[in-house]
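Fit chain W to the known structure of chain A by using the hints.
Chains as they are written, first to last, in our numbering: chain A, 1 to 582; chain W, 1 to 628.
There may be inaccurate statements among the hints.
[To be verified] Within a straight-line C-alpha distance of at most 20 Å, the following computed EDC-like cross-link-like pairs (lysine to aspartate or glutamate) qualify:
id, chain 1, residue 1, chain 2, residue 2
1, W, 155, W, 395
2, W, 155, W, 371
3, W, 155, A, 411
4, A, 438, A, 496
5, W, 155, A, 405
6, W, 402, A, 219
7, W, 402, A, 461
8, W, 155, W, 496
9, W, 402, W, 442
10, W, 155, W, 181
11, A, 438, A, 456
12, W, 155, W, 442
13, W, 402, A, 467
14, A, 438, W, 263
15, A, 438, W, 277
16, W, 155, W, 374
17, A, 438, A, 525
18, W, 402, W, 440
19, A, 438, A, 467
20, A, 438, A, 411
21, W, 402, W, 597
[As the list claims (entries may be wrong)] Across the chosen pairs, the derived CB separations fall in these ranges:
id, chain 1, residue 1, chain 2, residue 2, range
22, A, 171, W, 374, 53 to 61 Å
23, W, 520, A, 461, 51 to 59 Å
24, A, 178, W, 496, 49 to 57 Å
In case anyone wonders, no lab produced these hints; they're calculated from the structure.
Nothing here was measured: the structure is a model prediction, and the numbers come from that model.
In this text, a Cβ means the ideal position worked out from N, Cα and C, and glycines have one as well.
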Amino acid sequence: MRTPSPTRSVLRPHLRAAAWPLVALGVLQTLSVAGTLYLPHLNARIIDEGVTRGDLDTVWRLGSVMAVLAVLQLLIAGTATALGAYISVRIARDLRAALFQHVMRLGTADVRGFTPASLITRCGNDVVQVQMLVLTMCTTVLTVPITMIGAVVMGLREEPRLTWLMAVAVPALVLVVLGFAWLALPKYRRMQPQIDRVNAVLREQLTGLRDVRAANREDHEQRRFEQVNSALIDTSLSVGRLYLSFGPIVALLMNLGAVAVVWFGGHQAAAGEIGVGSVLAFISYLLMLMSAVLMASTVVMLLPRARVSSQRIAEVLHTPPESTTVAGGTPWRDPELGIEVRGATVRHPGAEQPALREVELRVRPGERLAVVGSTGSGKTTLLQAISRQISIDSGQISLDGTDLESADLVDLRRRVVLVPQRPYLFSGTIRSALSYGKPDADEERLWQALRWARAERIVTDLPAGLDSPVAPGGTNFSGGQRQRLCLARALVADADYYLLDDVTSALDATTEAEVARGLARATADAGVVQVTQRIASVAEADRILVLDRGTVVGEGNHDDLLGTCSTYREFVESQSLEETTA
Amino acid sequence: MSARSRSTATPRALEPGSSTRRFLGLLRPVRGRFLAVVVLTAFGVGLTAIGPLVLARATDTLVNGLLGAQLPSGQSREEVVAALRASGRETLAGVVASTDLVPGRGIDFGELGRLLGVTVGIYSTATLLQLVAVGQTNRAIHHVMLRLRVRVERKLNRTPVATVDTYGRGDLLSRVTNDVDNTTASLTQAMGQLLTACFTLISVLVAMLYLSPLMTLVTLSTLPLAVWATRALVRRSQPRFVAQWKQMGALSATIEESISGHEVISSFHSGQQHVAELGERNDRWASESVRAQVASGLAMPLMTFVGNLSYVLVCVVGGLRVASATMTVGEIQAFVQYGRQISSPIGQISGLLNELQSGIASTARVLEFLDGPEEETGVPERRRLRGRVEFEHVDFGYEPGKPVLRDLSLVAEPGETVAVVGPTGVGKTTLAHLLLRFYDVERGRVLLDGHDVRELARADVRSHIGVVLQDPWLFEGTIAENVSYGRQDAHRSDVERAASRTGLDQFVAVLPHGLDTHIDADGANLSAGERQLVTITRAFVAEPEVLVLDEATSAVDSRTTMHVQRALAELQRDRTCLVIAHRLATVRQADRILVLDQGRVVESGSHEELLHRRGAYAELQRTRLEAS
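Extracted from the complex, chain A is given alone in its bound form (with noise of 0.2 Å):
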């Protein structure tokens, strides 16, 4: 195996913090055992000191002795029991939280690497698995090497002449267990990403219940998942099949232990060279030696899937954040200067295209640029480059002067808000949905972003106005609606610069008209990147910037465009045409 173990890393924070109540669960499982292992000498005592000797009151004294110590044994284990349990579920918390905020940090493209439904797996079912392997070291593991402490010890006394089987009888019971860990951690390496495919499927059917329904295609769907799904069953039958045989195979070799205890200490005692009372001690002791072996193989048994979960979270983690935080903040220059893009261009991995090639642009606070092109010309990367969601493989995007490479993330996203193409609203109340960007914000504020987004009747037609519920994506919410929610809120966030990624597509003219003026009014003194499929809105703009194949074929007024850019001239024809022929 591997070192550092994925496991340690990624529990050691944790286990520091809990440092001190492990310690304490320590301290009340050694006392635990001790209790137990004090009880049998007692019961020596009652026999040999009182029912021997006919000395009732003996019994009756060490009796009632037993019966206090038993009491203070269920006191001790009761603690350690909710101990071990507050260590464990603490100690899950913890590494949800600190993975969840991790990948709350994530760039886009390591979101979309990862894939969604990975990522949830791993803050749930992989954080769930170390949790296991963490209960059950506390409730049970802890006992361990003081059981294997005592039972040598007092094999050693007993006698020394059989030791060499329990030196035979113990690695040879440890190889055992290792070997099942050797032959289960393939079978869950292998496990845990199927888990991912079904928790993707099943993600997959829930977004597109509509469509499935609606195509009549549950029967496929239903095949779809059972495909995925008996590949995850095959892989636990085997580990479970594993799993139980263990336990069978494991008492199988306890109980030759003691046959060979009996074989070999029966030719030793032959020879006169030990009694048997020794080798009926010595077999208790193996025994017990074997079956602390035994409790601490159980963890063993967890050990290869969390070692999994645990290498899944640690890639997540050791996934660097998107965040870069500049001390003393961004040094801004000049406010003048703009967004300036130069030479950037981006490939996404494994494409053959880059996906921008050499772009140039350049917007000052108070302009407004519009980017046309068709589908697929690189628009959406080329905001998302700007607002730093992508890093550029080669050029230059600075901010007032500033490159964004080395400009403090918080800062930046504070004065650029990007409106993305896909409509997303956050379960809650429109308050919360609309102060998302701004939690100080006042109602004020709120109403005005949503005059501006002519989203104001949307909330004043609902009974609850302001405090209606919003459903997880917003899809209690039209397309059109969502969209005029989600600019409305990008509005409350007043921002220097908004990028809008073709955020009025499922509006109708009128009201895209309406949203059009009142985002002139709302930004003003903002600058403002605006991907579009509209000549209306194109028209509007200060300078147009036209895209194709991720490459700038033109940019300037829409009357010089008209003369210079044969792509910009087919777009406006094609909107003609689709106004006198559609």
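Showing chain W alone in chain A's frame:
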């Protein structure tokens, strides 16, 4: 349509008693295998219990041999005992008298070897039986798991859209993964270790009764205490487990929602808000989880305590009885051992009860979903429809008291294209929902070729209707797979033909693998326009009698739209078409245009007629022209 309106959960599934019954009921389909496991386990445990007895005889052989070697040979055992008594060695005499040793003979290694061989044989057989039992258990459980998952999946495909909407996506996901997993894990425990523990308990009890019924009674006198304590703990921890898994669902929902909305989070750099929200849910889960585990984890120490108590009782009562010469020391020793042996399975059983409770709580959540309402199923009748669509005085609202459609009537004759326009949010998409029977009308009727759609099987209705919805949905797979989704028996050539008709072929031509290019989950590597183009092409492949286009081209740029419009025009020919649109240009060529406002049709007619009327449509048109 709040995501949190689930308080009206079926109480049946949440009642502990009936949940337990239904939890065990999951084993019904594998009862044959289960019976085999019971028998195998019984034999296995039985043999394991016999093992120590044979081993004890081996030990006796050892003892006899050692003792015998010290005694003079040639005498009988009785003579040796008498001689020992005579020389005052009372104890040794007693010991020798109780054995069947042969004086003068050392350890009989042949006999010892035979007995040890038998022991090994017994243990090996027992292990073999247990391994077979374990294999059977594993198979049975996985059969149950497979069935449960398939049931859940089937249910997912039959649960009305409205019901699915009320669950959070993350919560539902948690139910069908975490809760199903936990249910199976618990069943495995129940079938495996619980059975073994029970049989061990029984075999020890039998041995104890055989030795001394009275002492058995003494040993078991603490049993009522154990039962009472277990019941009290279960009563306390069961609701905790229910709460714990509920919190887990809420936690999953938060995680799912946040990660799905990563784009927005990134835009506002607002991850901290979600971290705080998760922190809150996480804390709530943690506190419920600790409570559940403490309450149920106490079972183990409590059982150990009960075991210890009976141990003390045996010692004391046994001691008294020995004093009154009604019992021997050896018998006490035996009972003490059995007392130990019995407390181990009891402790195990109580530990397993802990697991089971957690499993039962999960089962309840799975069953709650499985018990939910279901759409009727039916096989689509493969008949040709003319494709007449009619809405007849339809009233509808997603929530009571909030009507979306009011007394709405419209007709689309076969082959006709009817466009529905109106401001955003007047219920245009709702028309598609009702026609496809995602929801059912409150009043009035929706008719397809004169049949009330509620009287037709949903699958039947949907098999005749092709639909392109507002939010394009793509699954992980190739573009070709996504396109052919529209029709089960679509060939590659159908896909290619459709792609060339919508212009999808031109766009995929620049992609490295053309139509076989892989699409990420959620279609994240395509732009919104490209996604819509794929779903439109999908509808082409389906060739339905009725076509519903719900804002089908909103995100496609106008140059692409031109292609698509041309293609759609071809697609619309010879079939009834309901176009829901906000871009007036796309509806101009419709045979009839309906203007919707406040859930009612306020105007209807062709483009020209409506313009002449100078009503709502003309007003929409005017503002639009002004806008451009």
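Hint by hint, here is what the structure shows:
{"no.": "1", "hint": "155/W / 395/W", "verdict": "29 Å, violated"}
{"no.": "2", "hint": "155/W / 371/W", "verdict": "9 Å, holds"}
{"no.": "3", "hint": "155/W / 411/A", "verdict": "48 Å, violated"}
{"no.": "4", "hint": "438/A / 496/A", "verdict": "14 Å, holds"}
{"no.": "5", "hint": "155/W / 405/A", "verdict": "50 Å, violated"}
{"no.": "6", "hint": "402/W / 219/A", "verdict": "35 Å, violated"}
{"no.": "7", "hint": "402/W / 461/A", "verdict": "10 Å, holds"}
{"no.": "8", "hint": "155/W / 496/W", "verdict": "34 Å, violated"}
{"no.": "9", "hint": "402/W / 442/W", "verdict": "12 Å, holds"}
{"no.": "10", "hint": "155/W / 181/W", "verdict": "17 Å, holds"}
{"no.": "11", "hint": "438/A / 456/A", "verdict": "19 Å, holds"}
{"no.": "12", "hint": "155/W / 442/W", "verdict": "25 Å, violated"}
{"no.": "13", "hint": "402/W / 467/A", "verdict": "16 Å, holds"}
{"no.": "14", "hint": "438/A / 263/W", "verdict": "17 Å, holds"}
{"no.": "15", "hint": "438/A / 277/W", "verdict": "16 Å, holds"}
{"no.": "16", "hint": "155/W / 374/W", "verdict": "7 Å, holds"}
{"no.": "17", "hint": "438/A / 525/A", "verdict": "19 Å, holds"}
{"no.": "18", "hint": "402/W / 440/W", "verdict": "15 Å, holds"}
{"no.": "19", "hint": "438/A / 467/A", "verdict": "17 Å, holds"}
{"no.": "20", "hint": "438/A / 411/A", "verdict": "13 Å, holds"}
{"no.": "21", "hint": "402/W / 597/W", "verdict": "15 Å, holds"}
{"no.": "22", "hint": "171/A / 374/W: 53 to 61 Å", "verdict": "58 Å, holds"}
{"no.": "23", "hint": "520/W / 461/A: 51 to 59 Å", "verdict": "37 Å, violated"}
{"no.": "24", "hint": "178/A / 496/W: 49 to 57 Å", "verdict": "56 Å, holds"}
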